[in-house]
Amino acid sequence: MDFRSHLARSFDFRSATNLTLAGLVLAALGVAVVRWLNGAAGEVFLAPVFVFVIWALLREIDPDHPWVALATGAVAGVWVLADRPVLSALAAGGLVVAARIITSTTGRRPLPIDLIAVTVLGIGIAFTVEGWLAGFAIAVAVYIDDRMRAEKRLGALAAAVITAVGATLVATATRAFPDGPPDIVEYLALLSGVIAVILLVRDPAPPISQVDARHAAFIDKARLHISRSVVGVAAFLMVLTMGSAAEDAIVIVVALAVVIVTNEIELLRRRDR
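Take the position in the sequence shown, starting the count at 1, then add 165; the result is the number in the numbering used here.
Hints were generated in silico from the structure; no laboratory data involved.
From a predicted model like this one, the values you see are computed outputs, not experimental measurements.
Even for Gly, the Cβ is constructed at its ideal location relative to N, Cα and C.
Fair warning: there could be bad hints in the mix.
SDA-like mimics (lysine to any residue), calculated; alpha carbons at most 20 Å apart, straight line [unchecked claim]:
(1) LYS386 - GLU431
(2) LYS386 - SER374
(3) LYS386 - ILE430
(4) LYS317 - ALA370
(5) LYS386 - ALA315
(6) LYS386 - ILE363
(7) LYS386 - TYR352
(8) LYS386 - GLN375
(9) LYS386 - ALA221
(10) LYS386 - TYR308
(11) LYS386 - ARG312
(12) LYS386 - ILE425
(13) LYS386 - ARG314
(14) LYS386 - ASP413
(15) LYS386 - ARG274
(16) LYS386 - ALA422
(17) LYS386 - ALA370
(18) LYS386 - VAL398
(19) LYS386 - GLY272
(20) LYS386 - GLU429
(21) LYS386 - ARG436
(22) LYS386 - PRO372
(23) LYS386 - ARG434
(24) LYS317 - ILE363
(25) LYS317 - ARG274
(26) LYS317 - SER374
(27) LYS386 - GLY345
(28) LYS386 - VAL423
(29) LYS317 - ILE278
(30) LYS386 - HIS230
(31) LYS386 - ILE415
(32) LYS386 - LEU172
(33) LYS386 - VAL376
(34) LYS386 - ALA323
(35) LYS317 - GLY272
(36) LYS386 - LEU355
Between beta-carbon pairs, the in silico distance windows are [unchecked claim]:
(37) SER374 - ARG169: 20 to 28 Å
(38) PHE210 - ASP368: 18 to 26 Å
(39) ASP248 - ARG318: 17 to 25 Å
Start from the sequences and build out the full structure, keeping to the hints where you can.
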């Protein structure tokens, strides 16, 4: 039986950007294998993962600039290959899912099977504090998406509540929460806070990318704004709660900074037309 989903999408290798992404992932994997054979730790294999995840995140919150997403993903891969710290790949992936739900880049309402899948994901990734925040972001995304569609489906509300409560229970059971007030990495807290505020108050340029659905509507500007805001706030909270490990979130913070820069450039470019 074919699996149906309104959140998943096929990977089209006829697209130049998708082909480039595949090449970057394979290149990162090749370098990771060489480094591992030369004694590097197994974490080096996160390089191709973060090339893909950071690319995917920017494709959801900055869909008009696919080549910028590729470049940022490549930088994330180099960051990992340089033995720099990164947060849980599952948490980063959770932010991608939350962004996709809110931005609705597929243009389709999540099916019941989609709601079940994201609920399981949001709960399952909550064994770290950043995973808990990503899981909570998924819960918020499901709720926002349902309300923006003005449908108020009981299934969507239940999925949001179960995800939020379940993620919190997992984080509590696995002692993911810090025992006391976490140490704040001040420069990163300030940077991520400023980025979150900008994403909250600054309107995105009206999207020119279309959703995947057959009706080929443009991506909704309001959805894109809310999606960026949720991810920005989640990243800020990650930095605050991860304590001395907050620098693991640098790749996410930098990716969000790139979104702000590309948005300002786009607004200036359109103003000069």
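Results for each hint:
1. Distance restraint check for LYS386 and GLU431: the Cα-Cα separation of roughly 14 Å lies within the 20 Å cut-off, and the hinted pair is therefore satisfied.
2. In summary, the hint linking LYS386 to SER374 is supported, as the alpha carbons are separated by about 11 Å, within the 20 Å threshold.
3. Pair hint LYS386 plus ILE430 holds up; C-alpha atoms about 17 Å apart against a cutoff of 20 Å.
4. Distance check on the hinted pair: LYS317 and ALA370 sit about 29 Å apart at the alpha-carbon level, beyond 20 Å; violated.
5. A hinted pair counts as satisfied when its Cα atoms are at most 20 Å apart, and LYS386 with ALA315 qualifies at roughly 17 Å.
6. Proposed proximity of LYS386 and ILE363 is supported: the alpha carbons are some 16 Å apart, at most 20 Å.
7. The suggested pairing of LYS386 with TYR352 is violated, with an alpha-carbon distance near 31 Å, which exceeds 20 Å.
8. With a CA separation close to 11 Å, the supplied pair LYS386 and GLN375 stays within the 20 Å bound.
9. For the hint pairing LYS386 with ALA221, the CA-to-CA distance comes to about 19 Å; that is within 20 Å, so the pair holds.
10. A threshold of 20 Å between alpha carbons decides the hint, and for LYS386 with TYR308 the separation of about 18 Å falls inside it, so the pair holds.
11. At most 20 Å may separate the alpha-carbon atoms for a hinted pair to count; LYS386 and ARG312 meet this at roughly 16 Å.
12. Between LYS386 and ILE425, the direct Cα distance comes to roughly 15 Å. Compliance with the 20 Å bound is thereby established for this hinted pair.
13. Restraint check for LYS386 and ARG314: satisfied, since their Cα atoms lie roughly 14 Å apart, inside the 20 Å limit.
14. For the hint linking LYS386 to ASP413, the alpha-carbon distance of about 30 Å lies beyond 20 Å, and the restraint is violated.
15. Restraint check: the Cα-Cα separation between LYS386 and ARG274 comes to about 17 Å, which is no more than 20 Å; the hinted pair holds.
16. Proximity of LYS386 to ALA422 is assessed by CA-CA distance (about 19 Å); at most 20 Å being required, the pair is judged to hold.
17. A hinted pair counts as satisfied when its Cα atoms are at most 20 Å apart, and LYS386 with ALA370 qualifies at roughly 8 Å.
18. At most 20 Å may separate the alpha-carbon atoms for a hinted pair to count; LYS386 and VAL398 meet this at roughly 18 Å.
19. Of the pairs offered as hints, the one joining LYS386 and GLY272 holds, with about 13 Å between alpha carbons and a cut-off of 20 Å not exceeded.
20. A distance of roughly 15 Å separates the Cα atoms of LYS386 and GLU429; the hinted pair therefore holds under the 20 Å criterion.
21. Taking the CA atoms of LYS386 and ARG436, the gap is about 17 Å. The hint holds against a cut of 20 Å.
22. Straight-line distance between C-alpha atoms of LYS386 and PRO372 comes to about 6 Å, which keeps the hinted pair within the 20 Å bound.
23. Annotation: proposed proximity of LYS386 to ARG434 holds, straight-line Cα distance about 18 Å (limit 20 Å).
24. The straight-line distance between the Cα atoms of LYS317 and ILE363 is roughly 30 Å, outside the 20 Å bound, and the hint therefore fails.
25. Pair hint LYS317 plus ARG274 holds up; C-alpha atoms about 12 Å apart against a cutoff of 20 Å.
26. Distance hint between LYS317 and SER374 is unfulfilled; the C-alpha atoms sit about 27 Å from each other, more than 20 Å.
27. Only pairs whose Cα atoms come within 20 Å are accepted, and LYS386 paired with GLY345 is rejected, the gap being roughly 40 Å.
28. A threshold of 20 Å between alpha carbons decides the hint, and for LYS386 with VAL423 the separation of about 18 Å falls inside it, so the pair holds.
29. Under the criterion of a C-alpha separation no larger than 20 Å, the hint pairing LYS317 with ILE278 is consistent with the structure, at around 17 Å.
30. With a C-alpha separation of about 15 Å, the suggested pair LYS386 and HIS230 falls inside the 20 Å cut-off, and the hint holds.
31. At roughly 27 Å between alpha-carbon atoms, LYS386 and ILE415 are farther apart than 20 Å, so this suggested pair is violated.
32. The straight-line distance between the Cα atoms of LYS386 and LEU172 is roughly 19 Å, inside the 20 Å bound, and the hint therefore holds.
33. Using a Cα cut-off of 20 Å, the hinted pair LYS386 and VAL376 holds, with the two alpha carbons roughly 12 Å apart.
34. With a C-alpha separation of about 27 Å, the suggested pair LYS386 and ALA323 falls outside the 20 Å cut-off, and the hint is violated.
35. Taking the CA atoms of LYS317 and GLY272, the gap is about 18 Å. The hint holds against a cut of 20 Å.
36. For a cut-off of 20 Å, the pair hint linking LYS386 to LEU355 is broken: about 27 Å separates their Cα positions.
37. Range check, SER374 to ARG169: about 24 Å between beta-carbon atoms, so the 20 to 28 Å window is met.
38. Here the CB-CB span from PHE210 to ASP368 is close to 39 Å, at odds with the stated 18 to 26 Å.
39. Taking the beta carbon of each, ASP248 and ARG318 are about 46 Å apart, not inside 17 to 25 Å as hinted.
Hint compliance for this structure: hints 4, 7, 14, 24, 26, 27, 31, 34, 36, 38 and 39 are broken, all remaining hints hold.
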